[in-house]
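Visitor: The residues making up each chain are set out below.
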Amino acid sequence: GEDVEQSLFLSVREGDSSVINCTYTDSSSTYLYWYKQEPGAGLQLLTYIFSNMDMKQDQRLTVLLNKKDKHLSLRIADTQTGDSAIYFCAESMKTGTASKLTFGTGTRLQVTL
Amino acid sequence: EAGVTQSPTHLIKTRGQQATLRCSPISGHTSVYWYQQALGLGLQFLLWYDEGEERNRGNFPPRFSGRQFPNYSSELNVNALELEDSALYLCASSALGAALHEQFFGPGTRLTVL
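Chains as they are written, first to last, in my numbering: chain A, 1 to 113; chain B, 1001 to 1114.
These are calculated hints, taken from the structure and not from any lab test.
Just to be clear, a hint being listed does not mean it is correct.
No farther apart than 25 Å at their CA atoms in a straight line, the calculated lysine to any residue pairs in the SDA-like style are these [unchecked claim]:
{"no.": "1", "chain 1": "A", "residue 1": "K56", "chain 2": "B", "residue 2": "A1098"}
{"no.": "2", "chain 1": "B", "residue 1": "K1013", "chain 2": "B", "residue 2": "P1107"}
{"no.": "3", "chain 1": "A", "residue 1": "K36", "chain 2": "B", "residue 2": "R1110"}
{"no.": "4", "chain 1": "A", "residue 1": "K36", "chain 2": "B", "residue 2": "P1008"}
{"no.": "5", "chain 1": "A", "residue 1": "K36", "chain 2": "B", "residue 2": "A1095"}
{"no.": "6", "chain 1": "A", "residue 1": "K67", "chain 2": "B", "residue 2": "Q1044"}
{"no.": "7", "chain 1": "B", "residue 1": "K1013", "chain 2": "A", "residue 2": "K56"}
{"no.": "8", "chain 1": "A", "residue 1": "K36", "chain 2": "B", "residue 2": "K1013"}
{"no.": "9", "chain 1": "A", "residue 1": "K36", "chain 2": "B", "residue 2": "T1030"}
{"no.": "10", "chain 1": "A", "residue 1": "K70", "chain 2": "B", "residue 2": "P1107"}
{"no.": "11", "chain 1": "A", "residue 1": "K70", "chain 2": "B", "residue 2": "R1110"}
Some but not every residue of chain B turned toward chain A, in silico, with C-beta under 8 Å [what the hints assert, rightly or not]:
{"no.": "12", "residue": "G1052"}
{"no.": "13", "residue": "F1069"}
{"no.": "14", "residue": "L1090"}
Given the structure is predicted, the values throughout are model-derived calculations rather than measurements.
Every residue gets a Cβ at the ideal spot worked out from N, C-alpha and C, and that includes glycine.
Using the sequences plus the hints, can you model the full thing?
Guide: As structure tokens, this is what we get:
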């Protein structure tokens, strides 16, 4: 199947770390991605990771990839109120000769004071 | 540099009507992608156009169709609207040969079917 699964909601206090989890299906995915969607805005690519990597760090963001379990996570350190948004993980999936992005259902992150 | 633009911002239709959504890609981008974001379903890939041709299609019925014009802008048409077509429709564009993560998204058109 093409299901990319995420939990729907996460609430954290400002200053704490947030961890958003995702499970994907296609073991042949070349890249895995994290996108952020703020109200009234389109999707913004946050970061991506090659499938042959286990971890990628980019400032406050850390992506962990467990290929065996097809599990992807995004850790946001020192979460701020501006991080409140919906976060989507996505995998690249081949369909015939083309590839497409398959997105998860999104996790709404709420940051409280 | 202007980003991806979509019009209208909001669209309200009734069941059975047709909806037309428009997308203008970033200047120089030749590929346009359409996605449907329905409540609780995440983003579903709809269509991919490049150089005026449909390159790939998601699991949607034929009443979802579109086209890409010579200036690379694109239209998404939804015929015989159903209540479950209510969603945010996102358009993205990318340059020729770009990797999938080099898609840039527009703000979307929210379609409400009554």
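Visitor: Taking the least C-beta to C-beta distance, is B:L1090 closer than 8 Å to chain A?
Guide: holds (6 Å)
Visitor: Taking the closest Cβ pair, is B:F1069 under 8 Å from chain A?
Guide: Check failed: Cβ of B:F1069 comes no nearer than 21 Å to chain A, outside 8 Å.
Visitor: Compare the distance between the alpha carbons of A:K56 and B:A1098 with 25 Å, and conclude whether the hinted pair is satisfied.
Guide: holds (21 Å)
Visitor: Starting from B:K1013, check that the Cα of B:P1107 is at most 25 Å away, please.
Guide: Judged against 25 Å, a Cα distance of about 20 Å means the pair holds.
Visitor: Does A:K70 pair with B:P1107 here, judged by a C-alpha cut-off of 25 Å?
Guide: violated (30 Å)
Visitor: For the pair supplied as a hint, A:K70 and B:R1110, is the alpha-carbon distance within the 25 Å limit?
Guide: Given that 25 Å is the threshold and the Cα spacing comes to 33 Å, the pair is violated.
Visitor: Hey, A:K36 versus B:K1013, does the alpha-carbon distance stay inside 25 Å?
Guide: Given that 25 Å is the threshold and the Cα spacing comes to 29 Å, the pair is violated.
Visitor: Hold the hint about B:G1052 up to the distance rule: shortest CB distance to chain A must be less than 8 Å.
Guide: At 16 Å from the nearest chain A Cβ, B:G1052 fails the 8 Å test, so the hint is violated.
Visitor: Are the Cα atoms of A:K36 and B:P1008 separated by 25 Å or less?
Guide: holds (22 Å)
Visitor: Does B:T1030 sit within 25 Å of A:K36, going by the straight-line distance between their CA atoms?
Guide: Measuring from Cα to Cα gives roughly 24 Å; hence the hint holds.
Visitor: Could you grab the alpha-carbon distance between A:K36 and B:A1095 and see if it respects the 25 Å cut-off?
Guide: holds (21 Å)
Visitor: Does B:Q1044 lie within 25 Å of A:K67 when you go C-alpha to C-alpha?
Guide: holds (23 Å)
Figure legend: structure checked against the earlier numbered hints; hints not met, in rising order: 7, 8, 10, 11, 12 and 13.
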